[in-house]
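First to last, the sequence lines map onto chains C and P.
Residue numbers 1 to 626, in my numbering, belong to the letters of the first sequence in order.
Residue numbers 1 to 642, in my numbering, belong to the letters of the second sequence in order.
Any given hint might turn out to be false.
[Unchecked claim] Just some of the chain C residues that point at chain P, by a computed CB distance under 8 Å:
no. : residue
1   : R8
2   : T75
3   : G93
4   : V115
5   : A259
6   : L267
7   : R481
If you're looking for bench data, these hints aren't it; they were derived computationally from the structure.
What you are looking at is a predicted structure, and each value in this text was computed from that prediction instead of being measured.
For each residue, glycine too, the CB sits at the ideal point set by N, CA and C.
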Amino acid sequence: MMIDFPPRLRARTDLPTTDLRSPARFLLWLMRIQPGLIALGSLSGLVWFLPPALAPYAVGRAIDRGILAGDVGSTVLWCVALFVAIGIGTTTGILWHTLVVRTWLVTLYGTMELVVAKVAELGHVLPRRTPTGEVLSVSSGDSDVFGAVLEVTERTIAAFGAFVLLVWLMISTSPKLGLIVLISSPFLVASSFFLLRPLHQAQEVERKRSSELTGRVTDIVAGLRILRGIGGEETFGTNYATQSQLTRQAGVATGTWQAGVQALSVLFAGMLLVVLTWQGVHEMAAGRLTIGQLVSFFGYAVFLLWPIQTFFECVQRWATGLVSARKAVMLLSLRAPWLEPEHPAEIVDGDLVDPVSGLTVRQGRLTALVSALPDDTAALADRLGRYLPRSEAPPADVSSDEFKGRAAKRERAKRMAERAAIAARDAEVAHGPWGVTLAGTDLSAFRISDVRRHIAVCETSAMLFAGSLQRNVDPRGTATRDEAEEALRTACAEDVYDALPDGWQGEVEERGRGLSGGQRQRIALARALLAEPPVMLLVEPTSAVDAHTEARIAARVAERRRGRTTLVTTASPLWLRHADEIALVVDGMVAVTGTHEELLAGSSAYRDVVARGMETTPLAEVMSDV
Amino acid sequence: MSSDLLATSAETWRDGPDKEPLPPVLTRMWEMGGKPLDERILGLRERYLVRQQRARDYFASTRSPKRGLPVAPSSAVVTFVRDLLATRRGLFVGLVVGNVLAGVSGLLVPKLLGNLVDSASNGGEVSQFDRIALVVAGIVVLQAVATFVARRVSVVFGQGVLASARERIVRFVLALPLSRIESSSSGDLVTRVTRDVQTMSGAARDALPAFILEGVLILLSFVAIIINSPLLALPTLASMCLLVFVVRWYLRRATKGYVTEGGTYSWINSTITETVEGARTIEALQLETLRQHHTDDDLGVSGQAERYTLTLRNLLFTTLDYAFQGPLIGIVLLGTWGYGHGLVTLGQITAAALYSQQMYGPIDHMIQILDRLQMALASTTRLLGIAQVPPDRVTGDELPEGDKLLGDDLYFAYREGRDVLHGVTLDLTPGERLAIVGPSGSGKSTLGRLLAGINAPRAGSVTVGGVEATRLPLPVLRTEVALVTQEHHVFVGSLHDNIVLAREDSDSGAVREALGAVGATDWIDRLPEGLGTIVGSGHYQLTPAQAQQVALARLVIADPHTLVLDEATSLIDPRTARTLEGSMHALLTGRTVVAIAHRLHTAHDADRIAVVIDGRIAELGSHHELLDLDGEYAALWRAWTT
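Kindly produce the complete structure, drawing on both the sequences and the hints.
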């Protein structure tokens, strides 16, 4: 059974393992997973192309043997042959097209599956290894290039067969005319090559201006609230029109070169036909060629351009294919830095302790983490949950706009070395003991999946995904309605339910677009609560929520999580009042611990941090002293 | 918050697994392996029909979007294109003439070559061959030159049409009603101005000129075939009739098929984009497998859309193959008979064979062009739909007298019968600072929007200096009241252009003064080209603090007497707040300020505080008055401070 699309590569065990040793090997691997398809596709391509190649021969024969000789039987015979050939060609045409689309889509979808599997494997490590744009360009752009490479490869195999047959037919009919066609055809295809360089340069200018133009319009849409709210429609409308005219000029320049290319191809193709006929009638006059054979030659000359074009195309596609394959190999070779422990420890609930910062998150209690710098407490929560610390984005791959030729190669090597260095540092951190213990055992002794299941770090701006409200709150579909309602109430997110037209089935747009920041934050909180993790670390969970609602959320979450380990990083007194224990973090270290009342009374540092949060919202600052 | 917000929960909750993305009849295709042939063929047809229905449904759903902007009727596109062409009559005529020239010379070549064959087969003079060949060569050169001229004219024509079209679309975008922009997400609009403009561009630039070009060529070819020999034209004409039926059948389905196919790829890409950007969230919630299944589902759906267009293409290609190769048989058969009866010459047979083969290219191209034009039609209706959003206000010519802002007995509903404001009255004293506080969903942001004249109340009135706010023309309204939201955006353009928004005729002196007022003089002098420096995405990058100073300077230029600030979305970014206090100070001095406050301390120092609960003003007074009142605000304040 031949592989079909979508290929579901993850579920298959019968395929050779992904070959990432080099870009070329990766492309070959894509062929190796579908050997039957490739072989049958090429074969059907060849059979499809034979009839149009042979049709001129049949027509020529019919003229010589039938029409000129006045032999109706012979004409009919050759017409039947022609009909059969067309029938075979058309039928295999369907087969060829079906198979080649299948190859293309197996390749395209398969690459997308590989990318998604890799993203799932890497998780939060992914943005430390490669910019997201590069990941997306492999899945949406390069995957299609691979499909095109495999398609052109099959077509080239078929074209080669047709080419050999045609050459043989021509040479055996008339060596002179055969050689004329054979020698001039590649020149015909390559005739416009000297125009290609200025054409490509013009295209490059057009591409840049046109992407700038798209940038302008998305910029206008992004700032449309301002343009309609404060003004500036005329200025930016005119700016857009100016750029639009620049793009138009570049387009006209490109189009002029293209017109040149087309005119040249008309000129050369026409000239070939003229030379062929001119030489042909001379040969006829000399008695070396029949009229039917000359008519056949017209057909050969037209058809021969096709395999030659295919050869050129094949070379170009493979060149771009290898560039794309390099990017895919780079992405697919990434590995998560974690080492699975040989004898993983069983997770037992207990205190979460970080000796480095001196923080203890007690089992079954609500702990609050306070700092003058919210980034410090967020980093500490990451550490408690065994996440690698946030870092600068890795350098982007070299683009053709920045560097060319050898400079590009050098620069790329430098940036890849930088990426490798980040990966090496991560591996070093991830391989040793983590430093944080749960019930006395270091986190590195557990399977990473067990840690994730037990300890949930809820970011302040967690993502929502496109789908129903129900699937956003309960992604796995394991909760009951009562539980989900309860979670929504705890997170004070009933108004989001009410705002969506179809309640639970109301569609949340991708990334929660269309909801306000506060609404997104509360839905994410409801989702986290519903998962009921034994240890829950909430990072600034109400930073985008108003004070009224924050007060309610703090009270309800404290009530709901009673008896389970919960940590919240915040400087809001509305939360701090509910905390069983508060740790004040200064420079990444726990400076003092206690309850809200104790610390207010006893720690001036704490009073400063909390009071600053209380008194100097920036707007308050301005409101008070104007 | 009242619990009846979840009243419909039982009706909208769905227990059990999610609906399968594909109907069972489509997923059964994997099990057809050992079935008898007739059953498999029937299954093929059944699946084809289901896929066709899915394509129709999807296409219909893109024509009448549930959310987002409207879609214009096809007739609007006809008017739009006619307007664009009307200003380019000269070019249009040049386009047709150029193509006729190129076409005629191209069609003369086979005819003359046929003559050459005739004279050769009749044993003509060898010197005569050379002369004819030379003439044909000359015509080929002429054809090449005419081709160049025709293509070049078509480029100028197509690029011109495209540029006018996109500039008009952007004008439509810039004229969208204010309330519409404030209330909906920009996703739909972004898709339209990027993807739909791209589809329209391809058509305006390439397909429209090519339609004229190939149309002329096909018409001329028919004429040439008939002139060459009416008898030998019969097979070609017959196969063209068959082709017309199949192509019509194909085109009726193709657009829907390809629009659906394109839609499935957008789904795949947006799912993968979410997975990549949400990689950390996915890891934290352990949704890895779920997200992979999600992509698998998308790929399955996409695969079915691909299979539908594959079937359509297979049927079209089969017909095309027969339609172009079949006439050869007819020409040879008729030629044999006609030659025997002296009705046709060998040259005519040769020319007929060449013509019938030459038509393959233009007709094949024409089908693709028609396909693209149909897709472009669909996109253009969506683009013209932008202009069809009904205006949200009817402005008058009364001008406000004085700076007084008054909201009187305001009611407002986003959905009919669901008022979010129930008779709110707010009387602002010029120069005062009013804070609006209240839980999410209470209507405080809505109230802010009404006061700023973004939305008109359902009942009641908002007046600025005695005139209804939504009756004021926007350029006037902007210099009276401004709503400050999401102002970090720096446009691609000069710094000057970025600041003069509200009064576009301001000179550089006024801009410098505004920047000076918000304390931004030090860094603008260091810019490479001063106020002329191009800033924004992809150009000179301003720091967040500088961007906010630019935003403040815009308001200084606008110089409204009242500012409505929404703390949730407003320009005050805590990371840069401290450095900006002075700038803010300069802006707010001497103006009335309405602050929709999230944080209690924002409210604390205001002259008056309005506590909005469930669409009503529950408490109104200064901080101390509200503490004395001992209501909602006082309770919250105590929770905050003790």
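Next item on the list: Return the status of the interface hint for C/R481: holds when the least beta-carbon distance to chain P is below 8 Å, violated otherwise.
Entry: Given a least distance of 4 Å, the restraint on C/R481 holds.
Checklist line | Status of the C/A259 interface restraint (C-beta, 8 Å, chain P) | finding: holds, 3 Å
Checklist line | Hint status (Cβ of C/R8 to nearest Cβ of chain P, threshold 8 Å) | finding: holds, 7 Å
Note to self: Hint C/L267 vs chain P: min CB-CB distance below 8 Å?
What the structure shows: holds, 4 Å
Item checked: Hint status (Cβ of C/V115 to nearest Cβ of chain P, threshold 8 Å) -> holds, 7 Å
Next item on the list: Return the status of the interface hint for C/G93: holds when the least beta-carbon distance to chain P is below 8 Å, violated otherwise.
Entry: holds, 6 Å
Next item on the list: Using 8 Å as the Cβ threshold, decide whether C/T75 counts as touching chain P.
Entry: holds, 4 Å
Of the numbered hints stated above, none is contradicted by the structure.
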